[in-house]
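Engineer: This is what each chain is made of:
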Amino acid sequence: MNSMRYSILIALLFILVACLFAGSLLIGPAAIGLNASIAALFHGEGEMVTLVMREVRLPRAILGALVGGALGLSGAALQGLLRNPLAEPGLIGTSSAAALGAVITIQTGLSAAFALALPLAALAGALISVGLILLLAGPRGTILTLILAGIGLSALATAFTSLVLNLSPNPFAASEIMFWMMGSLADRSMLHVQLALPFMVLGAAIMARAGGGLKALTLGEDAATSMGVNVTRLRILLVVATASLVGAATAVAGAIGFVGLIVPHLLRRAVGANPTRLLWASALGGAAVILAADIAVRIIAPDRDLKLGVLTALVGAPFFLNLILRTRRETA
Amino acid sequence: MLGFVRRSKRIIAGLALVAGLALPAAADQPQRVVSINLCTDLLAMQLAAPGQLVSVSNLAADPHSSVMAEEAAAYRANYGLAEEVFLLKPDLVLAGEYTARATTSLLERLGVPVVKFAPATSLDDIPAHLERMGAALGREAEAQAMIEAFNADRAALAPTGDELRPLAAMYYANGYSTGLNTLSGKVLDAAGFRNVAAEAGLLRGGNLPLEVLIMAAPDMVIRGNRYPGQSRSEDILDHPALARLGASPAAPILADRDWICGTPRILEVVSRLTEARSALEKIR
Numbered sequence: 001m002n003s004m005r006y007s008i009l010i011a012l013l014f015i016l017v018a019c020l021f022a023g024s025l026l027i028g029p030a031a032i033g034l035n036a037s038i039a040a041l042f043h044g045e046g047e048m049v050t051l052v053m054r055e056v057r058l059p060r061a062i063l064g065a066l067v068g069g070a071l072g073l074s075g076a077a078l079q080g081l082l083r084n085p086l087a088e089p090g091l092i093g094t095s096s097a098a099a100l101g102a103v104i105t106i107q108t109g110l111s112a113a114f115a116l117a118l119p120l121a122a123l124a125g126a127l128i129s130v131g132l133i134l135l136l137a138g139p140r141g142t143i144l145t146l147i148l149a150g151i152g153l154s155a156l157a158t159a160f161t162s163l164v165l166n167l168s169p170n171p172f173a174a175s176e177i178m179f180w181m182m183g184s185l186a187d188r189s190m191l192h193v194q195l196a197l198p199f200m201v202l203g204a205a206i207m208a209r210a211g212g213g214l215k216a217l218t219l220g221e222d223a224a225t226s227m228g229v230n231v232t233r234l235r236i237l238l239v240v241a242t243a244s245l246v247g248a249a250t251a252v253a254g255a256i257g258f259v260g261l262i263v264p265h266l267l268r269r270a271v272g273a274n275p276t277r278l279l280w281a282s283a284l285g286g287a288a289v290i291l292a293a294d295i296a297v298r299i300i301a302p303d304r305d306l307k308l309g310v311l312t313a314l315v316g317a318p319f320f321l322n323l324i325l326r327t328r329r330e331t332a
Numbered sequence: 001m002l003g004f005v006r007r008s009k010r011i012i013a014g015l016a017l018v019a020g021l022a023l024p025a026a027a028d029q030p031q032r033v034v035s036i037n038l039c040t041d042l043l044a045m046q047l048a049a050p051g052q053l054v055s056v057s058n059l060a061a062d063p064h065s066s067v068m069a070e071e072a073a074a075y076r077a078n079y080g081l082a083e084e085v086f087l088l089k090p091d092l093v094l095a096g097e098y099t100a101r102a103t104t105s106l107l108e109r110l111g112v113p114v115v116k117f118a119p120a121t122s123l124d125d126i127p128a129h130l131e132r133m134g135a136a137l138g139r140e141a142e143a144q145a146m147i148e149a150f151n152a153d154r155a156a157l158a159p160t161g162d163e164l165r166p167l168a169a170m171y172y173a174n175g176y177s178t179g180l181n182t183l184s185g186k187v188l189d190a191a192g193f194r195n196v197a198a199e200a201g202l203l204r205g206g207n208l209p210l211e212v213l214i215m216a217a218p219d220m221v222i223r224g225n226r227y228p229g230q231s232r233s234e235d236i237l238d239h240p241a242l243a244r245l246g247a248s249p250a251a252p253i254l255a256d257r258d259w260i261c262g263t264p265r266i267l268e269v270v271s272r273l274t275e276a277r278s279a280l281e282k283i284r
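If you read the protein sequences in the order shown, they are chains Z and A.
Residues in the first sequence are numbered consecutively from 1, following the working numbering.
Residues in the second sequence are numbered consecutively from 1, following the working numbering.
Keep in mind that the hints are not guaranteed to be accurate.
[What the hints assert, rightly or not] Some chain Z residues near chain A, calculated using beta-carbon distances under 10 Å:
hint : residue
1    : M53
2    : R54
3    : S168
4    : F179
5    : S189
6    : H192
7    : T218
8    : L219
Please keep in mind that the hints were generated in silico from the structure rather than gathered at the bench.
What you are looking at is a predicted structure, and each value in this text was computed from that prediction instead of being measured.
Ideal Cβ placement from N, Cα and C applies to all residues, glycine included.
One chain only, chain A, in its complex shape:
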């Protein structure tokens, strides 16, 4: 299943090479791009021309939050402060819709163009984000190729409709779970699962009381990764009642970084969950 994503990466790499050789950077293409948001970091690293992206946020290199930590190490890290970003002399700043509004408005007043991206809340947002990012970076052709690869991979992973649609719940520190109007909710849905949080009336993210989770008797509980150090918030993941619930051997652990951001790599998560569902259906 991972092959889909790898194949699309090869296509992109090939296209990028051809494009780079064929025409030198277009005149309207920004030359010094700085990204100050994790999700724009990931999109920009996948789409930018070599040398075009100057700096990404410090989170991009943090393996706990970023799926591209290794790649991000090649870029200069920024902490999203207006002053340090301005000193990098960017001709384009990529930011999140809700992050550091003071920073982006200050940069705009200083005459730096800022393009803001809202967080992706569904798989359908991903092609739209790729298209906008391609336009912002002057890499429309690469973006188009990536969109086509994403759509093809997504279609190949689409449920056939004869699944049992088992019941799953995502359960994180502090009993946090996500409903259908979130990226992770949509991913779970795309992998052919029903969602306990959605059926309990949770639209977005929020607290799902442990006893509500237990009463729903889910077939599978997908737990989050543990962070270094200890916290009381994560105690709930060790709760004896949770251990006796949905103790399916197939249940994968999905790290927060896996579905924070809407990039084509989210299909790897859909693929892993689809495999877990098939394993679950075989057991039953």
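If we strip away everything but chain Z, and leave its shape as in the complex, we get:
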């Protein structure tokens, strides 16, 4: 696998993300012309158009790219870390646990008193769930134990989330179970970008440091150790980075499944199965998928706040089932 082909792939993905980002900025319920949009965004021409472009559409597009990038990156990292092709933050319960953490801080009023409590609690939820997965399925666990442990954790976290929301004195809370399970970027603002960005940068920075070790890990723990990789330290770093990325993404956008599964699979062959390269390709791929899905929900049902997770699951679940069939054939 030459680095030339990898550079071309990254460049192509980058162009795709840039196009979808622009599309996300230009598509919305308020019909604003192309020129007016651009003039408002860059030069602040037109008071109301500027408000729409800078305060409504820009944060939505930025969050789409950030959340997608975080999910793609953490999906690729989890697959490398657990050496399991079916690992994904949504499927193994990381996202639901992060959502539970977020919901608890919102309902206890902690997030109103201290804004950073929201992503921090989501991060803590994600951290606990990845820790539990490692305990339950073990680093060398089979695909089956991993998925079963994930189903159990997901169900538990979702049940607690529903319980907290149903007991809330707020009449809207119960109807938000859908948001926390399926995710949405509707009506988000720059405040949410500010909340999520630091944790995502932190997660990505740790990934950048630890990602190199993933390649050694694919050869097996003993081989990695003999190559001078501290496997325990590597594992802890990857878990923290994943929790940070998934926690921040879920705190602002809810749990969006399957992105971290599909994207690394689609790109694995293109990066020559190099897990370190797969990380960054998946980050860009994830950003493209979420931006595309967010454009699609606005086109399909502009006034219904169709959840992002609905689209990603409609595409992702058949893909997941197909993967199970393929894995069965390979192991049979």
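Based on the hints, put chain A in the right spot on chain Z.
Structural biologist: Same frame as chain Z, now just chain A:
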């Protein structure tokens, strides 16, 4: 402005007193009335003879949904379940058209008369509802007096026609707004405002995307009340873009309870909005 409503309440109270002294409860007047819908609760509490109304729904005593929470505390609360309502031995049950159809049909099968009221969607529905409620309770005279007071108060609040008709929007959790074919839409219209949701093509209630609201550049954004606890649905009311929009000092906060139900008290809302409009016109 609130004087209108207070005056009409005094008239009703006086009439009720006279009626109560003059003739004992008519033979065909129901004696044990149970209401299981918030809006029939409010109408019945305003029209029933003392002792006639046995129980109102639990929502009537909830200050978040009811404008008569204090008055409702004097009545026994019910949760609208057929069994508990039947055990109260009612000779009349008041219900909403769309609420708990299973409950009302079960009660009817058990031989309890049920009178159903459709939700009011305009100010014109209010006299009609009062008349029906008066007939159901055997309090026609009181209902007639209340209708006359309502019509007089309403006429006194009617726009003179030389207003600027500024543009307003009602904005609630999840970006919910209401168009012209709703009670709140009609109230906004009666107070002399144009409605962003109506101009955006929303006939009834529905989602008004934030960017559509911004592009309409309303003169005033009327926000809903916040409920206890937190919710993501209410986040939109704190959106920085909304804060910079129609930040008129006159914009009142109108709680959901203020216009859930069509009773004469809705005129208090018309009066508050009319004051807000005058304040807005003075600024401009």
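Engineer: Of all the hints numbered above, which does this structure not satisfy? Sort the numbers upward.
Structural biologist: 7, 8
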